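Student: Residue-level listing of the chains:
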Amino acid sequence: MKIIIVDDEITAHHTFLGDVIGKTDAEYRFFKDDEQEILDYIQKNKVSAAFLDISMPHISGFDLAKKIVRANEETRIVFVTGQSVKPSDLDADVRARTVGFLYKPYDADELHAILSVLEKGAPKLQVHMFGSFEVFMGDSPVRFSSNKSKELFALLVAYNGRSLSMTDAISQLWPDLDVDKSKILYRDAVWRLRKTLQQIDFNCVDFARACLFLNKEGIQCDYWDFLQGIPTEHSGEFCKSYDWGIEYLPSFNKE
Amino acid sequence: MKAEANKKRVRIFSAIADALLLLTGCIVAAAAHAAGLDFGQFYLQSVEVLAIIALCFFALFVVIEVVSAITISDSTWHTVFVAVALLGFHLTGRDFLAVMFGHGGGLSFEIGDILHFFFFEVAAFAIFLFWNYTFSVGIPRRVLIISGLWSLVCIALYSSLYFFGLPMIGSALFFVGVVAAAAYTYRRMPLAKQMDKTFIATEALFYSVVGSALTFEVCLVQGSSSAGVSAFHAIPVILVFLSIYAAFAMRTDRAALKASEYKLQYERIKARALKEQIKPHFIFNVLAAIQSLYRNNVDEGDRAVTLLARHLRTNIEATDVDFIPFEKELDNVQVLVDLENMRLGNAFHIIYDIDCTDFAVPILSLQPYIENAIKYSRVNEKEDGFILISTRREEEGILLVVADNGVGFDPAAVKPASCGIRNSSERLSMLMGVTPEIVSSPGKGTTVRIFIKNSTPSISSQIIE
Numbered sequence: 001m002k003i004i005i006v007d008d009e010i011t012a013h014h015t016f017l018g019d020v021i022g023k024t025d026a027e028y029r030f031f032k033d034d035e036q037e038i039l040d041y042i043q044k045n046k047v048s049a050a051f052l053d054i055s056m057p058h059i060s061g062f063d064l065a066k067k068i069v070r071a072n073e074e075t076r077i078v079f080v081t082g083q084s085v086k087p088s089d090l091d092a093d094v095r096a097r098t099v100g101f102l103y104k105p106y107d108a109d110e111l112h113a114i115l116s117v118l119e120k121g122a123p124k125l126q127v128h129m130f131g132s133f134e135v136f137m138g139d140s141p142v143r144f145s146s147n148k149s150k151e152l153f154a155l156l157v158a159y160n161g162r163s164l165s166m167t168d169a170i171s172q173l174w175p176d177l178d179v180d181k182s183k184i185l186y187r188d189a190v191w192r193l194r195k196t197l198q199q200i201d202f203n204c205v206d207f208a209r210a211c212l213f214l215n216k217e218g219i220q221c222d223y224w225d226f227l228q229g230i231p232t233e234h235s236g237e238f239c240k241s242y243d244w245g246i247e248y249l250p251s252f253n254k255e
Numbered sequence: 001m002k003a004e005a006n007k008k009r010v011r012i013f014s015a016i017a018d019a020l021l022l023l024t025g026c027i028v029a030a031a032a033h034a035a036g037l038d039f040g041q042f043y044l045q046s047v048e049v050l051a052i053i054a055l056c057f058f059a060l061f062v063v064i065e066v067v068s069a070i071t072i073s074d075s076t077w078h079t080v081f082v083a084v085a086l087l088g089f090h091l092t093g094r095d096f097l098a099v100m101f102g103h104g105g106g107l108s109f110e111i112g113d114i115l116h117f118f119f120f121e122v123a124a125f126a127i128f129l130f131w132n133y134t135f136s137v138g139i140p141r142r143v144l145i146i147s148g149l150w151s152l153v154c155i156a157l158y159s160s161l162y163f164f165g166l167p168m169i170g171s172a173l174f175f176v177g178v179v180a181a182a183a184y185t186y187r188r189m190p191l192a193k194q195m196d197k198t199f200i201a202t203e204a205l206f207y208s209v210v211g212s213a214l215t216f217e218v219c220l221v222q223g224s225s226s227a228g229v230s231a232f233h234a235i236p237v238i239l240v241f242l243s244i245y246a247a248f249a250m251r252t253d254r255a256a257l258k259a260s261e262y263k264l265q266y267e268r269i270k271a272r273a274l275k276e277q278i279k280p281h282f283i284f285n286v287l288a289a290i291q292s293l294y295r296n297n298v299d300e301g302d303r304a305v306t307l308l309a310r311h312l313r314t315n316i317e318a319t320d321v322d323f324i325p326f327e328k329e330l331d332n333v334q335v336l337v338d339l340e341n342m343r344l345g346n347a348f349h350i351i352y353d354i355d356c357t358d359f360a361v362p363i364l365s366l367q368p369y370i371e372n373a374i375k376y377s378r379v380n381e382k383e384d385g386f387i388l389i390s391t392r393r394e395e396e397g398i399l400l401v402v403a404d405n406g407v408g409f410d411p412a413a414v415k416p417a418s419c420g421i422r423n424s425s426e427r428l429s430m431l432m433g434v435t436p437e438i439v440s441s442p443g444k445g446t447t448v449r450i451f452i453k454n455s456t457p458s459i460s461s462q463i464i465e
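In order, the protein sequences belong to chains A and B.
The opening residue of the first sequence carries number 1 in the working numbering; numbering runs sequentially from there.
The opening residue of the second sequence carries number 1 in the working numbering; numbering runs sequentially from there.
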């Protein structure tokens, strides 16, 4: 995979970008904002993606993107910028080929995510239910902002596509708390789960009022595989740190 | 209370003036009749001159109205309509017809009378609509349709009965309608609106037009000559129309001045908010924390840099934006909390009890309350300490609450709210007409309640992206 990076202040970011991209299989090359040189290179090489700074003295990233998209339909665009950009600021051709926006200074996680999208296409969410509950996006673990929001997601996965009502969730997650308090904590967990999924850009949960529903598409889960009869290794432990996990144990220890 | 009494007094005076305008024509005609005078014979020359001068005035009104409607705003088309109706009303009056066709009477007078009544109806109806529109009286469509139909019936009766000598049945019915329309309007308008200069002026116009028509009808019934009456009556109509201009001009001037002052004041407040938001000591402390983080763990350092960048980006963006979707403001708050937690030993625990996010708030208006809680509540030192952010949809609007179960304070003993909070509440009240309510007592924590009514622009219109 070939990547080009266009920025008028190249030296400034060399190390960081090089360091991160260097860890992948991608080949990368830096360019200053010299339009002709870039377009020549794009026509002669199969470039998968162009990382473009937006404000550059000789040509703006938006204009350059238009020309790159015209020169090579295969090339994806990633905008690198200091200020906020909305997708609606882009023209339609460019928008269709834009994979993402990176803000300076770079967020290493976001950069990884974009590189992995470029390399492998849309990533799958990997969910491990056996042993302790863990979620991975591509290769990197998903960081939940609270333990309870993580547990709520685990419960949703355990529900295996069935809708999870607020009362069910509360009785499993906060069995000992009084109703008002647990409702508040439930809504907090829901909010945080929503934010976490938003951050990894994988909105697989339908957040209806007092009811959650998991869209299974694009999720790979060992427990689901097991239910479908696909041989799956398990240690006999299910979501080990969660109390309700025990209820699921008999169902697969029968064999 | 005194101002209220004064208002009532002014209102009574204007009502008396309206009654006089309504009756001038009748009084003059009746007095003349009683004294055996005939206007037509007495003032023939001067009445003709007067009628032509009035015509020029009315034509001028129409031109001015049209020009101002085109150049200023479409709302003025209402007054164009009124002016055209008045012009027609004057042109079909017997005085003017006498100027045009001599004093012989005949068919031109009869058709003129019917048209006169028609234009009178149109003028009265147009003023009624003008009130509804300009002062947002909110007359239901049903009532407008009924009153329109009523007018049509009156015209039909008037013109069909005219040649049988009974047109007054149509005009009497219309006067009843006019009285009902005026009464209906008063009932629906609060006194403050009725005190508006433009309203009082148009009201006077309404009554002088009605008065003119009334006089004409009285003369018709009496069989006496109405010559001179409508030309004389043109004078109060013209005066009133001029006063409407004066009132309008004053009102728009004042509104423009107020709007520009308001904008200036708002910009000042916002500029101050931004300046206060970028707190040098906070940024340098965060930078120092980042420095240490990098010594321990490069990934942690990277994450902290990203957070700081996000925080700064929000603050810089705030220069271009007034409103921000509530969810984004919450994201900004989370960044701030993450930065604080990174810097401090004990983490602050935020609970999000979010019922709805489909509204917008002034940018950086929520942050100061969280900052205050972080600074003073000491909830991070408590085992079960928290800062709660909640939104709840209620029947009349959205209730936004920021609460903590920290140490609280005695509102009476503490210096006035921090700059950030004062600034935020100033902007909340300027942009949304909302006043935050802060309740606190020592040992019981602090609660800030912000109630956003459904009618607030940030809820009802789509500022939300």
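Hints listed in this document are in silico derivations from the structure and should not be mistaken for laboratory results.
Predicted, not measured: the structure shown is a model, and the values here were computed from it.
Hints should not be assumed to be uniformly reliable.
Said to hold, decoys possible - Partial chain B-side listing against chain A, Cβ under 10 Å, derived:
#	residue
1	L257
2	K258
3	S260
4	T306
5	L308
6	D331
7	H349
8	D353
9	I354
10	D355
To be verified - Below, simulated BS3-like cross-link-like pairs (lysine-lysine); rule was C-alpha separation at most 30 Å, straight line:
#	chain 1	residue 1	chain 2	residue 2
11	B	K197	A	K195
12	B	K275	A	K183
13	A	K148	A	K240
14	A	K46	A	K120
15	A	K216	B	K328
16	A	K104	A	K120
17	A	K104	B	K382
18	A	K124	A	K181
19	B	K279	B	K197
20	B	K275	B	K258
21	B	K197	A	K148
22	A	K124	B	K328
23	B	K275	A	K104
24	B	K197	B	K8
25	B	K444	A	K104
26	B	K275	A	K148
27	B	K275	A	K86
What the hints assert, rightly or not - Label pairs and their calculated CB-CB ranges:
#	chain 1	residue 1	chain 2	residue 2	range
28	B	S136	A	S55	45 to 53 Å
29	A	L177	B	A256	55 to 63 Å
30	A	Q198	B	N346	26 to 34 Å
31	A	L177	B	E395	23 to 31 Å
32	A	K32	B	L312	21 to 29 Å
The C-beta atom is built at its ideal place from N, Cα and C for all residues, glycine as well.
Student: Would you mind marking each hint as holding or not holding in the structure?
Tutor: Quick rundown of the hints versus the structure:
Among the interface hints, the one on L257/B is violated; its C-beta lies about 36 Å from the nearest C-beta in chain A, farther than the 10 Å criterion. A least Cβ separation of about 33 Å between K258/B and chain A goes past the 10 Å threshold, and the interface hint is therefore violated. Hint status for S260/B: violated, given a least beta-carbon distance of 30 Å to chain A, over 10 Å. At its closest, the beta carbon of T306/B sits 4 Å from a beta carbon of chain A; the interface hint therefore holds under the 10 Å criterion.
Hint status for L308/B: holds, given a least beta-carbon distance of 8 Å to chain A, under 10 Å. Proximity of D331/B to chain A holds as hinted, the smallest CB-CB distance being about 8 Å (cut-off 10 Å). The restraint placing H349/B at the interface with chain A holds, with a minimum CB-CB distance near 9 Å, inside the 10 Å limit. Annotation: D353/B was flagged as interfacial toward chain A, and the flag holds, the nearest CB pair being 5 Å apart, inside 10 Å.
With 10 Å as the threshold, the beta carbon of I354/B comes within range of chain A, its nearest partner Cβ sitting at about 5 Å, so the hint holds. Of the supplied interface hints, the one on D355/B holds, with its beta-carbon coming within about 7 Å of a beta-carbon of chain A, less than 10 Å. For the given pair, K197/B sits about 55 Å from K195/A by alpha-carbon distance, which is inconsistent with the 30 Å threshold. A hinted pair counts as satisfied when its Cα atoms are at most 30 Å apart, and K275/B with K183/A does not qualify at roughly 39 Å.
Between K148/A and K240/A the CA atoms are separated by roughly 14 Å; this keeps the pair inside 30 Å, and the hint holds. Between K46/A and K120/A the CA atoms are separated by roughly 16 Å; this keeps the pair inside 30 Å, and the hint holds. Restraint check for K216/A and K328/B: the C-alpha separation of about 28 Å stays at or below 30 Å, so the hint holds. About 24 Å separates the Cα atoms of K104/A and K120/A, which keeps this hinted pair within 30 Å; it holds.
Of the pairs offered as hints, the one joining K104/A and K382/B is violated, with about 37 Å between alpha carbons and a cut-off of 30 Å exceeded. Proximity of K124/A to K181/A is assessed by CA-CA distance (about 35 Å); at most 30 Å being required, the pair is judged violated. Straight-line distance between C-alpha atoms of K279/B and K197/B comes to about 50 Å, which puts the hinted pair past the 30 Å bound. With a C-alpha separation of about 26 Å, the suggested pair K275/B and K258/B falls inside the 30 Å cut-off, and the hint holds.
Between K197/B and K148/A the alpha-carbon distance is near 63 Å, which puts this suggested pair outside the 30 Å criterion. A C-alpha spacing of about 27 Å is found between K124/A and K328/B, which places the hinted pair at or below 30 Å, so the restraint holds. Straight-line distance between C-alpha atoms of K275/B and K104/A comes to about 23 Å, which keeps the hinted pair within the 30 Å bound. Distance restraint check for K197/B and K8/B: the Cα-Cα separation of roughly 14 Å lies within the 30 Å cut-off, and the hinted pair is therefore satisfied.
A hinted pair counts as satisfied when its Cα atoms are at most 30 Å apart, and K444/B with K104/A does not qualify at roughly 43 Å. About 38 Å separates the Cα atoms of K275/B and K148/A, which puts this hinted pair outside 30 Å; it is violated. This hinted pair checks out: K275/B and K86/A have alpha carbons roughly 26 Å apart, not beyond 30 Å. The hint said 45 to 53 Å for the Cβ distance between S136/B and S55/A, and at roughly 47 Å that hint holds.
At roughly 58 Å, the beta carbons of L177/A and A256/B sit within the given window of 55 to 63 Å. The given range of 26 to 34 Å is respected by Q198/A and N346/B, whose C-beta atoms sit roughly 27 Å from each other. Between L177/A and E395/B the beta carbons are some 29 Å apart, a value that agrees with the proposed interval 23 to 31 Å. At about 27 Å, the beta-carbon gap between K32/A and L312/B stays in the expected band of 21 to 29 Å.
Consistency with the previously given hints fails for numbers 1, 2, 3, 11, 12, 17, 18, 19, 21, 25, 26, ordered from lowest to highest.
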